[in-house]
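**Q** Those protein sequences? They're chains S and H, same order as listed.
Counting the first sequence from 1 gives a position; this note's numbering is that position plus 55.
Counting the second sequence from 1 gives a position; this note's numbering is that position plus 85.
No incorrect hints appear here.
A few chain H residues facing chain S, derived, Cβ under 7 angstroms:
1) 98
2) 219
3) 220
4) 223
5) 281
6) 287
7) 294
8) 297
9) 320
10) 326
If you're looking for bench data, these hints aren't it; they were derived computationally from the structure.
Note that the Cβ used here is the ideal one computed from N, Cα and C, for glycine as well.
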Amino acid sequence: MDLPADIDWNGYSLVERDWRWRRVRDNAAKAGFDCTFVPLCVDGRNLHLSLEQARGTRSDCRFLTQLDNAAIILPTDGRAPIVVSDQDFGNDWLPEIRPMDNSWGESMARALIDAGMQRARIGVSGIRRGFYTHGRAFHGVVNHSSYAEVLRRLPNATFENATEVIGHARYIKSAEQIACLRRGAAIAAAGIDKMIELARPGMDEGQLYTRVMQSMVSLGSEYYPMAFYSGLHGGGRLPRFEDPAEGRTLQSGYRIANEVDAVFGGLIAQEQQPIYLGAIPDAWKPAIDLQREMYYAGLEHLIPGRPFAEFMDLINGFGEKRGMKSQLLMHGRGYGDDGPLFTPQNRGGRNRDVLIEKDCVFIVKPIAHSADGSFDTSWGGCVLVTDKGGEPLVKRTPGMVSIT
Amino acid sequence: MPWTTPPGAGATVHIWNGYSLAERDRRWRAVRENAAKAGFGCILVPLGNGIDGRYMTQLRCSAMVLPADGRTPIVIADRRSSNAWVPEPWQTGREWAEPMAEALLDLGMERARIGVAGLSGGAVTHCSAIDGVVNHGALQRVMGRVPNACFEDATDVIGLVRYAKSDEEIALARESAQVASAGLDELIKRARPGVDAGVLYADVLARMLELGSEYFPLTLTIDSIDAAKPKRYTNPPLGRRLEPNALITNEINAVRGAQLTQVCQPILLGQIPEGWKTVVALQRDIYEAGLAMIKPGVTFGALADYIDGFGANRAMKTIMQMHGCGYGDDGPLFGARAGAGRARDLPIKKGNVFVWRPLAMSDDQMVQFSWGGPVLVTEHGAEALFKREHGMVAIA
Numbered sequence: 056m057d058l059p060a061d062i063d064w065n066g067y068s069l070v071e072r073d074w075r076w077r078r079v080r081d082n083a084a085k086a087g088f089d090c091t092f093v094p095l096c097v098d099g100r101n102l103h104l105s106l107e108q109a110r111g112t113r114s115d116c117r118f119l120t121q122l123d124n125a126a127i128i129l130p131t132d133g134r135a136p137i138v139v140s141d142q143d144f145g146n147d148w149l150p151e152i153r154p155m156d157n158s159w160g161e162s163m164a165r166a167l168i169d170a171g172m173q174r175a176r177i178g179v180s181g182i183r184r185g186f187y188t189h190g191r192a193f194h195g196v197v198n199h200s201s202y203a204e205v206l207r208r209l210p211n212a213t214f215e216n217a218t219e220v221i222g223h224a225r226y227i228k229s230a231e232q233i234a235c236l237r238r239g240a241a242i243a244a245a246g247i248d249k250m251i252e253l254a255r256p257g258m259d260e261g262q263l264y265t266r267v268m269q270s271m272v273s274l275g276s277e278y279y280p281m282a283f284y285s286g287l288h289g290g291g292r293l294p295r296f297e298d299p300a301e302g303r304t305l306q307s308g309y310r311i312a313n314e315v316d317a318v319f320g321g322l323i324a325q326e327q328q329p330i331y332l333g334a335i336p337d338a339w340k341p342a343i344d345l346q347r348e349m350y351y352a353g354l355e356h357l358i359p360g361r362p363f364a365e366f367m368d369l370i371n372g373f374g375e376k377r378g379m380k381s382q383l384l385m386h387g388r389g390y391g392d393d394g395p396l397f398t399p400q401n402r403g404g405r406n407r408d409v410l411i412e413k414d415c416v417f418i419v420k421p422i423a424h425s426a427d428g429s430f431d432t433s434w435g436g437c438v439l440v441t442d443k444g445g446e447p448l449v450k451r452t453p454g455m456v457s458i459t
Numbered sequence: 086m087p088w089t090t091p092p093g094a095g096a097t098v099h100i101w102n103g104y105s106l107a108e109r110d111r112r113w114r115a116v117r118e119n120a121a122k123a124g125f126g127c128i129l130v131p132l133g134n135g136i137d138g139r140y141m142t143q144l145r146c147s148a149m150v151l152p153a154d155g156r157t158p159i160v161i162a163d164r165r166s167s168n169a170w171v172p173e174p175w176q177t178g179r180e181w182a183e184p185m186a187e188a189l190l191d192l193g194m195e196r197a198r199i200g201v202a203g204l205s206g207g208a209v210t211h212c213s214a215i216d217g218v219v220n221h222g223a224l225q226r227v228m229g230r231v232p233n234a235c236f237e238d239a240t241d242v243i244g245l246v247r248y249a250k251s252d253e254e255i256a257l258a259r260e261s262a263q264v265a266s267a268g269l270d271e272l273i274k275r276a277r278p279g280v281d282a283g284v285l286y287a288d289v290l291a292r293m294l295e296l297g298s299e300y301f302p303l304t305l306t307i308d309s310i311d312a313a314k315p316k317r318y319t320n321p322p323l324g325r326r327l328e329p330n331a332l333i334t335n336e337i338n339a340v341r342g343a344q345l346t347q348v349c350q351p352i353l354l355g356q357i358p359e360g361w362k363t364v365v366a367l368q369r370d371i372y373e374a375g376l377a378m379i380k381p382g383v384t385f386g387a388l389a390d391y392i393d394g395f396g397a398n399r400a401m402k403t404i405m406q407m408h409g410c411g412y413g414d415d416g417p418l419f420g421a422r423a424g425a426g427r428a429r430d431l432p433i434k435k436g437n438v439f440v441w442r443p444l445a446m447s448d449d450q451m452v453q454f455s456w457g458g459p460v461l462v463t464e465h466g467a468e469a470l471f472k473r474e475h476g477m478v479a480i481a
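Excised from the complex, chain H in its bound form (with noise of 0.2 angstroms):
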């Protein structure tokens, strides 16, 4: 039975929502055909994992039902929240754990083989989130509610229709990318001895918001070149003036159509250093190796090795730092700190997008670089969709 409007709803909260229905249906069907190839019943996109919710509804929040053989999802929202792709989602207020039971079970799904989007990080969503990023509340009582079905991780499935982007995503990726770039762009014109750190991070803010980006915090690392631990800021800086010689790292985020792109350039508030120039050379020669590899067919595997291995020749040290774009935390995930090994066998296929932005350090690691933005990958190769010159931002 479908569950109708709660009294006393909330407001309902528009959100962006623009793509089309062809959007829809492509994505759908391919969350489909991978849930049945799969030996999946339907995909169950529950609380918590908002991120899938909004990839395949376009609702601020929801959970969703797809089954697998073609038959129309039941979708549940708040707020009394719909859309063209989803014109009459069932409605709840704070319940959700009772009507995903019931949209389970009216889809027959009593003793199905039923895959949860989310319950573990995947190859490439959900990358960050080692444990997944299901509600366990209501998750336990939906389990409780249809004890003869077999819940398992299908976090892949819609990860895998994510990775690459349509047409209309890539659009949309384009105009994420010239909103950060626009972000980044503020941050040099504003950045200089003396500035009010907070100040300046919320007029870079400002700029993105200004150019139609949703919110996504904006992180600065702010600190004397020479600095051991620089200081890394997700809000505005507090008690902090720019000084000279201040090496200012960034990472700007934009987010258009629900792409979320990345552009960053070191700035310094100096002359660089001798030492420094080196380094800078040997990323912006491994970041255009990586580009002129990055094909499909090429795997992250095979990419990673010849990155990781670039820098030894001149005595450095380089690594792969790269993500995906999208709706968030989107991969492959590659870092200093993320190897990104079930990623390591996948193929790059055309469509995809990351922020290609590797890593080069001096051999003692006490000189990092790291410059990029978002590329795309099409059939004949890499396409940078941000025009920047590389190199540090020096503001003598």
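Bound conformation, chain S alone (with noise of 0.2 angstroms):
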């Protein structure tokens, strides 16, 4: 793989945000709103309820400007949009951006009034959650303080919920978002790639972590926290761990869990892998191999224009035929907390109507239990939606590796 100085990127095209900003008017025309607005957010450290969601916070501003953080208004007419940071410089899809002065609240409602919306039908995104986007964030991620100074000087302008105009525009990817997420998903895989090498009883687990990220860094990727789970069988969940751990030395017998992320053109790609520190036991193979078929299942089902309650059903009930049980676990990829999001907790009842489209991308990685329910496991990663069903981003073969 390329290392970093030998990659050729320098950030999306115009052509890109043009797309994406057409999109977006396109979706907000549909909507009858006479803008989109997205206001300052609340930061991923602040609100840090998840990896994902730490992440998602600002993803609408970094979509539409890719700048880290901004509050921007994007008229449905087609004219220029005004984007407002508190950054020292714009870039090149937006060389003039206007400065937050004195605070966010009074910026951003001066910036709606030069835009001429004082009476105007306007749509937020991030107030709440969406189906396509900030599906964890149940109260949304706007910051208070501001947004309410915002409703405050335009006491005359309508404001409703808009985070599906921008969260389906962010649920269909471009040629130039899916070439970042593949190579987001090799280096991911890179990192995978480095744990198998190193993980052995004995090794420090702080350090493990510590070289799985360093690989993935030293591949152009940004710093987006491992997920890492230790422990030995049978002892309850796993526990979790999304910094180096102190203290923790991998034993023989340990299973490893993980969630590799590698983010690469501000898109998070995830790959999947477990490990057993020993020869895997007969007991857990059914379930190995369930997940496997399953996976593979899943991938020919992964076809545009289909629903997703089909899709929820084939992999909800297809251990039942085998007298184990599986869950479907998966959501999109994209700036971060993307969706539809289908866990064991949530079931993703809500998401059974949306449909499956072409160049959508998700994380795939269904869970199958033993017939005993002993046993659980779930290995996947990035899969792209093409006409023919689903296509993994980077080739790996589902399984435990099994490290003596």
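Combine the two chains into a complex, taking the hints into account.
**A** As structure tokens, this is what we get:
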């Protein structure tokens, strides 16, 4: 793989910018909004409910501007957006940005007024959770004080939820985005290779964590914490770490589970690989085989135009025919907190009617349980929806790696 | 009614939580005292204010209602998390507004004056978040459920407790400073012409992680020494090898025991031009002079006036550049872009820990130099928590 110095990538093109803005404007027009407003959102260090949510808080801003922090007013009628930011400089997409002055609330209100939105119907993205984005953020991602100030200063405007206006634009990926996700998936796979190379009984877990992260960052990924679980089987749920753990050493008979993420072009790719430090017990093998078959069957059913209901039922019922249990675990990939979200916790029921579409990218990692329920396993990676079904973005083989 | 673990709660995420119960009681007592002085019935740390939440609970994610009258607080957490400080928090999943509202009602705050931490930027915490850090959807719902209460900003109620560090915190700030310094050493060791800047970035980060730092972005500015707008990176640079005469300015951040510290020292891959030497010398002098002036009781306004006026005698410019160390976004924040007017009258206190890195510039501002790291305020003055030789590192 290319090292960072040899990577020729300078951000998304102006064509990509226009494609994104046009999609958002089209969605806003269909919904009858005069503009789409991305207000100041809470920062991820403070709203850190999960890694996805931390990254997802300001994701609409990054999608529309390639800036880390900004508020955006995108008029539906095709006029140029007004972007307010506390950053020093704009970028190729937005050479001119309006500096945040005095307070975000005041600056955003002034920008809305300058755009002629005093009496407009304003679509606000991120005000509450969506189907395609911000699915985990039950209370949305918007900063309180600045937004309250905007409402106060524009009493005659109507503010309504428009999370799906941007969400659906983010749901389907362009060729440029798919290329970035492909590279990200390859970097994440390289991180997994590093883990397999180093994980041995006696290895310090903090060192292992560090080396895996180092390998991915040195291939050009932004730093995105790996979720690392380890421990003996049968002792309940494995503890999860998102920083290098201190004072923990891998032991023979340990299970390792992980979510290995790499970020390229701002998009989060994820690959997942269970590992066992020992010979895999025979009792686990049927569930591991089930998981593999379920994953491949799932790829065949990721067909554009179909609602998720069919896919959910296929996966959730897959184990039953073999006397085992299976559960769908998957969600969208992109700038952070991408949906739709299917987890054992939420079962994804609200997403049954959402359509699978061409050029969506998901992390697909269904869970298989043994017949007696004492063992479960999940393996997965990034999958692109094509006309022919799901295509893994990086070639790997489902299963559990045994290190003896 | 306590909220209990919802079905299918996510896996517990383990984080460092090593402060003692005595430290917990010190923090809670001091916050209660500040709240009582300000006339609040309780302090609410709402969803969105994760940094104060961690300071008050040592939990990765939490919301909290702390009554000012000494009663036990109600803490809300997720993913089955708990610790020695908070053995039995209320548990939630993704729903935070309802338990926050119920906690306020359970504690009798229906008509109280409720101090909300993080509603706006404070004098010494949440300094870069002018409009605060609170989640709108959640707070709006809480206010709707407790309509007769009065919600007001109380950022400084917690902020002024975070401002002065305990012995436990200072010990960890020292460790953190050592880790940051080791990161800087790694940068100096590896930075050479031809080196892949992205790999260098990864190596420096890895050095600090292996020494036990939590992740915090490393900032490198890499460009030719005479570049007008040098390029700044908070992620591994792409398409970039270090070239001769490259100037690498840096902010090397480390976190131990939740204490974020920073060291910085510019590195030049070449000979230091004569024009820079006078600016570097001026920076050394303001660094030392400022350090000598930092004592308990001195106001930040007095210190800023002294530093900002220091360069004029030498026909150069100087600016006070500093910020607090701690759980994150600590202040007061002074710099080229931030004047920290709110903190001008605030006196320096024993137990403060700051990153002290004043900025010296040539008169035309084309040459700018900053060097420094964390310093602790003791009763006798300032003590640097890092040991480095002043100046620009030149790698020929």
